[in-house]
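Respectively, the protein sequence lines represent chains A and B.
Using our numbering, you'd call the opening residue of the first sequence number 359 and step up by one each time.
Using our numbering, you'd call the opening residue of the second sequence number 44 and step up by one each time.
Do not take every clue at face value.
The list that follows gives simulated cross-link-like pairs (lysine to any residue, SDA-like), each with its CA atoms no further than 25 Å apart [what the hints assert, rightly or not]: (1) A:LYS457 with B:LYS358; (2) B:LYS67 with A:THR454; (3) B:LYS316 with B:PRO297; (4) B:LYS316 with B:PRO136; (5) B:LYS358 with A:PRO686; (6) B:LYS67 with B:LEU312; (7) B:LYS316 with A:HIS625; (8) B:LYS350 with B:THR384; (9) A:LYS706 with A:ALA590; (10) B:LYS67 with A:PRO686; (11) B:LYS350 with A:LYS706; (12) B:LYS187 with B:ILE177; (13) B:LYS67 with A:ALA601; (14) B:LYS316 with A:ALA590; (15) A:LYS706 with A:LEU542; (16) B:LYS67 with B:LEU165; (17) A:LYS457 with B:GLU362; (18) B:LYS358 with A:ASN478; (19) B:LYS157 with B:PRO136; (20) A:LYS515 with A:LYS660; (21) B:LYS67 with A:ALA752.
Please keep in mind that the hints were generated in silico from the structure rather than gathered at the bench.
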Amino acid sequence: MDNIPPAALADLKALLGERVLTEPGALAAYGRDATPLFRHAPDVVVQPLTTEEVAGVMRVATRHRVPVTTRGAGTNLCAATVPLSGGIVLSTTRMTALKEVSRDEMLAVCEPGVTAGALNRAAAAEGLIYVPDPGSKEASTIGGNVATCAGGLRGLKYGVTRQYVLGLEAVLPDGEVIRTGGRLVKDVAGYDLTRLLVGSEGTLAVITEITMALVPNPAAARYGVAYFETMADASEAVRDIVASGPAPATLEFMDTVCIAAVEDFAHLGLRVDAGALLLFGDDGEPDAVDRSVARMAEVCGKRATHIELAASIAAAEDLLAARRCNLPALARSGSMTILEDVTVPRPKLAEMVAFIAATADKHAVRIGTFGHAGDGNLHPTAVVDADDQQAVEAALAAFDEIFRHAVDLGGTITGEHGVGAAKLPYLEHRLGPEQMALLRRIKGAFDPLGLLNPGKLGS
Amino acid sequence: MSESVSETMSEQTGPADSRGIFSKDLLDACISCGFCLPACPTYALTGQEQSSPRGRITLMRLLETGDLAPDDATLAEESSLCLGCRACETVCPAGVQYGHLLEEWRDEQWSGLKRPWIVRPLLLIANRKWLLRILGLVRRSARKRRRTAPDQPTLMLGCFERGLFPSVSRSIAALDPNLAVDPDQGCCGALHAHNGELEKGRDLARALGVRLPGTIVTTSGGCAAHLADVIGRDRVVEASEWLLKHNADSESRPLRVGLQDSCHLRNGLGVWKEPRDLLGRTATYVELPSAGSCCGAAGTYALVRKKESKAILAKKIAEIEAADLDLVIAVNPGCLRQLQTGLRKAKSRTKAVHIVDYLAQITRQ
């Protein structure tokens, strides 16, 4: 152990007993999350069960000056939960109480280790849904979703995690417990600390309870697919669709690299000769959904080479499956997959997509692009041979240019994955030196000793 | 400690620093997305990363690169704590063949004297064809029935099933008079492959494939998956798949019946609909909430990891009790033994029965 004094370890064991892991193998397993390339093992892993135990862990950490990295399921893609300075990994996976689902107030109260899928199923039993819809929802925890402000396929119409968090309970580094927000839709008493903690990636406090708004389950949903000769045509169709009426629930696209990979993997009958595929859909009352989908098909019709409306639920599910299996379909073609997450204003979509393709060619990297076209969120994904160091470096060089160009177009370096350790080098390019300094002062106000997730936001 | 492990942790196995324990392409397939976590019964028990499929693959990678010592305590613990149920494979977006990785891992981790002592005598018995034959004679498993036509299928008798559940082979022989029976056959080797003797396990499967030409019908889901993996899916048919073609509807449906899937049959061969169809035609079928997940028998697991096996079984028994079933049906001898033990201890009114015995019984009535 280099980073944790034996006395701190003894205090943790006195507090949590067997729920303190120190075997090298166990620590190594906690040395990574879903992000390629970033590795660092902690010195100890703790599994508290209650807010009081979390507070106890934080008091030990403060007393002995040991860094703490909070971790849910570890499915994030920005190395947010890799403990770069070692120390304690605080795992929330055993804090799984779903305390309340209220139909009357349309909200749920749960501990951070509940998975997004479990919360959604509990909501469904009351005729409600948990809106944020990240690809990892069956595995990822609500605590992690809040800490990274997870997005998903419903962003354009419904927003992302931050729009649904009503209140939080959190433990500060010295063990103090705070409660921000509450159960109210309207509440402007004080700074909005709830929103500050959402997306703070475990750098300000440890979230121990979440009060989450739920919405009624839409009565109907319909989908269609349009094919285009180029991604530029698809991007223009997206712009026209959004301009032509209320925001639809689903506007997802994928480029020709992705179409080929998905068809090869899932055999769904996609048109592999197309340059772009746009999946569109909406949910709500049946009549309104029909009108919305018809309108989108009509707008696409000006530019699309082919349009199909899903006639059945099975056909719709095939379309959604096609979009969701982009990542695995691409991942099968190489041993390392780097999935990125830039976002640009919708009018700049075509330009950004063209830049990504040109940059991939320039660096001779295979990059497939898919994403949430409706909200401008793109997932350029490089698949390389992990043993080929030159190919890995070429991919990283390509992404370096892609991040910078996204910011230059008025976009951002990450739409929904988070900053973590992976994007920290680009953060100043996005925020500027003044905001970076303010971020550090905010971090200092919460965590003067710099113990929470060092080497990430605010460091 | 943490520094030395982390600094040298490589992304994937490189050719320069690999120990050759694992097939590189199998190990490289994992993208560490973590989608397997909610499918894993042992991760549900511990909530700990190293007890998840992704965490175990991280351990395998560190064993392969030499960053964890072969005698590392977590390697020993996790290679044994894993049920080998392969539920993770069904949710893996990257198509990782976890079952094969576990076989390769145990081939290293449980080689020779490192094998759990309780498993050793079982492998010794299964190795001896003459012993299995005597077992069959003493316990009266299905009698010899010569193969008369080249397209005639042959019944696989199983190794321990002959001793533990001899009625099963008798029942399927009665249900299908066209099945040939050859008592002079050995073990399929699934037991070996899952317990650290991968090559031996494959050899035994190949030998069985030679001894029993043409289609082989088996009453054990676990054996079916292993045998199909070695000699080809086209030559292996599991009993519920087979009997679905031969069995007619029953007019009355007097019994409330549930099912326990065989993990390898469901997750390895994708056979889960067939036993449900068979039961739905002949009884009031009740789907148990966790019918598709492991009962904790998991081959030798119930012997090697008694505590965890019991913890997993306890949930299952509570579900069966809540469903108020007459019968719970198994499609694999290990699951059958596990459920019978659990139900007996719980003094349940529900009986656990092999699907073939169940069908033979209702056909006779």
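Q: Enumerate the violated hints, using their earlier numbering and listing them in ascending order.
A: 2, 5, 11, 13, 14, 15, 16, 19
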